[in-house]
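Just so you know, the protein sequences line up as chains A and B, in that order.
Residue numbering for the first sequence follows the numbering used here, starting at 1 and increasing by one per position.
Residue numbering for the second sequence follows the numbering used here, starting at 271 and increasing by one per position.
Since the hints were made in silico from the structure, they are not lab data.
Just so it is clear, CB atoms sit at the ideal spot from N, CA and C, and this is done for glycine as well.
There may be inaccurate statements among the hints.
So these bits of chain A aren't anywhere near chain B, every CB distance computed over 12 Å [as the list claims (entries may be wrong)]:
#1 Ser45
#2 Gly53
#3 Arg56
#4 Gly147
#5 Lys181
#6 Ala224
FRET-style restraints, in silico, Cβ to Cβ [unchecked claim]:
#7 B/Cys449 <-> A/Gly110: 25 to 35 Å
#8 A/Val105 <-> B/Ala598: 43 to 53 Å
#9 B/Ala453 <-> A/Gly110: 17 to 27 Å
#10 A/Lys115 <-> B/Val299: 38 to 48 Å
#11 A/Ala184 <-> B/Val479: 26 to 36 Å
Each chain, letter by letter, is given below.
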Amino acid sequence: MTTPILELRNVNKSFGPIDVLHDISLKVHAGEVLCLLGDNGAGKSTLIKTMAGLFRPSSGSVLMDGKPVEFNGPREAQEMGISTVHQFGGTFPLMSIGRSFFVGVEPTRGFGPFKIYDRKKANQIAVKAVQEFGITRIDDGDRLVGGLSGGERQSLAIARAVHFGARVLILDEPTAALGVKEAAHVLRIVLEARRRGLAVIFITHQVMHAMTVGDHFAVLIRGALAADFKKGEKTREEITDLMAGGEAMAELEAEIESHLKSHEGYSPAA
Amino acid sequence: MSSLSIRSLLRRPEAGALLGLVAVLAFFVVFGSTSFLKPAGIASWLNVAANLGIVAIPVGLLMIAGELDISIGATIPAGALAVAIISGHYSQPIWMGMAGALGLGLVVGLINGILVVRTAVPSLIVTLGTLFAVQGLALGFSVLLTGTTSVALSPAKSGPLVKALFGEFIGGSFQVIICWWLALAAVYIFYVHFSPFGNWIFAMGGDKVSARNAGIPTRRLTIVLFVLSSTSAAFVGMCQAILFNVAQVSAGMTFIFNSIISVVVGGVLLTGGFGSVAGIFFGTVTFAVVNQGIYFTTFDRNWSSLIIGIMLLLAVLMNNTFRNMALAYRPRKK
Ligand SMILES: Nc1ncnc2c1ncn2[C@@H]1O[C@H](COP(=O)(O)OP(=O)(O)OP(=O)(O)O)[C@@H](O)[C@H]1O
Ligand SMILES: [Mg+2]
Numbered sequence: 001m002t003t004p005i006l007e008l009r010n011v012n013k014s015f016g017p018i019d020v021l022h023d024i025s026l027k028v029h030a031g032e033v034l035c036l037l038g039d040n041g042a043g044k045s046t047l048i049k050t051m052a053g054l055f056r057p058s059s060g061s062v063l064m065d066g067k068p069v070e071f072n073g074p075r076e077a078q079e080m081g082i083s084t085v086h087q088f089g090g091t092f093p094l095m096s097i098g099r100s101f102f103v104g105v106e107p108t109r110g111f112g113p114f115k116i117y118d119r120k121k122a123n124q125i126a127v128k129a130v131q132e133f134g135i136t137r138i139d140d141g142d143r144l145v146g147g148l149s150g151g152e153r154q155s156l157a158i159a160r161a162v163h164f165g166a167r168v169l170i171l172d173e174p175t176a177a178l179g180v181k182e183a184a185h186v187l188r189i190v191l192e193a194r195r196r197g198l199a200v201i202f203i204t205h206q207v208m209h210a211m212t213v214g215d216h217f218a219v220l221i222r223g224a225l226a227a228d229f230k231k232g233e234k235t236r237e238e239i240t241d242l243m244a245g246g247e248a249m250a251e252l253e254a255e256i257e258s259h260l261k262s263h264e265g266y267s268p269a270a
Numbered sequence: 271m272s273s274l275s276i277r278s279l280l281r282r283p284e285a286g287a288l289l290g291l292v293a294v295l296a297f298f299v300v301f302g303s304t305s306f307l308k309p310a311g312i313a314s315w316l317n318v319a320a321n322l323g324i325v326a327i328p329v330g331l332l333m334i335a336g337e338l339d340i341s342i343g344a345t346i347p348a349g350a351l352a353v354a355i356i357s358g359h360y361s362q363p364i365w366m367g368m369a370g371a372l373g374l375g376l377v378v379g380l381i382n383g384i385l386v387v388r389t390a391v392p393s394l395i396v397t398l399g400t401l402f403a404v405q406g407l408a409l410g411f412s413v414l415l416t417g418t419t420s421v422a423l424s425p426a427k428s429g430p431l432v433k434a435l436f437g438e439f440i441g442g443s444f445q446v447i448i449c450w451w452l453a454l455a456a457v458y459i460f461y462v463h464f465s466p467f468g469n470w471i472f473a474m475g476g477d478k479v480s481a482r483n484a485g486i487p488t489r490r491l492t493i494v495l496f497v498l499s500s501t502s503a504a505f506v507g508m509c510q511a512i513l514f515n516v517a518q519v520s521a522g523m524t525f526i527f528n529s530i531i532s533v534v535v536g537g538v539l540l541t542g543g544f545g546s547v548a549g550i551f552f553g554t555v556t557f558a559v560v561n562q563g564i565y566f567t568t569f570d571r572n573w574s575s576l577i578i579g580i581m582l583l584l585a586v587l588m589n590n591t592f593r594n595m596a597l598a599y600r601p602r603k604k
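Next comes chain A alone, as it looks inside the complex (with noise of 0.2 Å):
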């Protein structure tokens, strides 16, 4: 067995008295999807800005290529190879495909306080680390980011990722805001980049998205690690059981009736 890239040990975490991660144990590996499935509140996101460097653990340890580490701050988790793309790529609308994908490491020409912006060369290689990945529809660099799809602009926010070296690609609810095409694009992104040997951790609602691409599962029911199995270990309908919290679906959809009154249709999971 492979020395995991990313692993958690016994993680937990609290802001004050919440607790919100309980021990969690999870390793992910090279050229592997792991999809992280849960109930909204369960402790998703709380979990991968953990592993990203935006939160540090309370108690336990991230290890990455087996070695203990501690990020200060999501600048020194990117550095080491851990990218997040946010749901809209967390990119910059008014910016050209060029300018964007190149922020904070633009390419330059000449020297000293006369460096000039090299806006050919970004293009060109923003559009080529783009089209690799499939999205051929995207082929001016001058082009607004704004003026992108939905799905072109994760594309775009995952090739950016990989073109600058990262080799846990993190990806929180990529396909909520999506139909069902530009759903289908994203996917396959995913498995390019899997493709390509990098660990991928992909949070989803969509029992049908988690299945088309992911290798190994993990489910988190009110913080706590409630099922961890590879692909074709579980049907659908446990799979679809455990993100809803682990109860019976037809049990819940008994009870959705009376949550509704109680709770104004928004059923808390804390």
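Based on these hints, arrange chain B with the ligands on the given structure of chain A.
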């Protein structure tokens, strides 16, 4: 082919300002007289544009970065008073007075910038605070030290060299500050649109958190931009004191609205992330033309506010349209 290049021009942030400028020039030529395009007429609006423009560019950059600075309204007269008090009232060498004025701008900018990045208070509120604080200080110190709110700075005390560089009329009517404005605009255009530094400003205004995660020193950059606007404001005040041989506490408040109007007419998005130095430049000229053009018409000058108001609304609508065109742009399939 030419229709294509017009389209690509329209997608640029300065498109609205350029069209607006053409429109107001035409308006005043039709309703006024052509003397407004003769040297004396040109000087009248170029002088206004230069004084305003030196402040409007950094104010616009702050807006692109997602911040506002209204404290310039007090920093301009404070800069003027600083040089007049130090070199006029106390007869210190002029370079000390100038250093005092620019140093004051630097300090105000540092305070604005540090307060904005350290607290979560919006920059409008922070600089509203410093606006009043600096104005109070300027008034208080002026009265305390000189017994008046209008401090003289005689040409003898400025000296001929400083007068020639910062406060003289060229050809009888063009203020030398016009040269500073043009030179500074060129430097800004280079750094904002051709160096990587400019990319950071746009990124910061587009999405501050992503920009920081991408490794851009957003805090430092914010402070630098605030220092730039305050120091520019102090510079303008200093030049005015040297030009007119006197500094007054009251002059400056109109710069707040005027600079914001110039910047917005110039195509900068109020919420940040979009704009250009050329746009701000043309926006400033447009504003100055309207501001001064009214004197060349038979209209009562009070109507100029109406024109500025309408122009602002039209410019914003036009800029929205052009921005949407830029967003929707995709190259045609060949
Ligand atoms: N900074 C914080 N301070 C206090 N509590 C927090 C904080 N962040 C998250 N929580 C709590 O932790 C729990 C888990 O939140 P989290 O965002 O990780 O859930 P999630 O699984 O991502 O949910 P969703 O599917 O809705 O995105 C929630 O109950 C939330 O209120
Ligand atoms: Mg979440």
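Evaluation of the provided hints:
no.	hint	in the structure
1	Ser45	holds, 15 Å
2	Gly53	violated, 10 Å
3	Arg56	holds, 17 Å
4	Gly147	violated, 4 Å
5	Lys181	holds, 18 Å
6	Ala224	holds, 29 Å
7	B/Cys449 <-> A/Gly110: 25 to 35 Å	holds, 26 Å
8	A/Val105 <-> B/Ala598: 43 to 53 Å	violated, 29 Å
9	B/Ala453 <-> A/Gly110: 17 to 27 Å	holds, 20 Å
10	A/Lys115 <-> B/Val299: 38 to 48 Å	holds, 43 Å
11	A/Ala184 <-> B/Val479: 26 to 36 Å	holds, 29 Å
Of the hints listed earlier, those the structure fails to meet are numbers 2, 4 and 8, in rising order.
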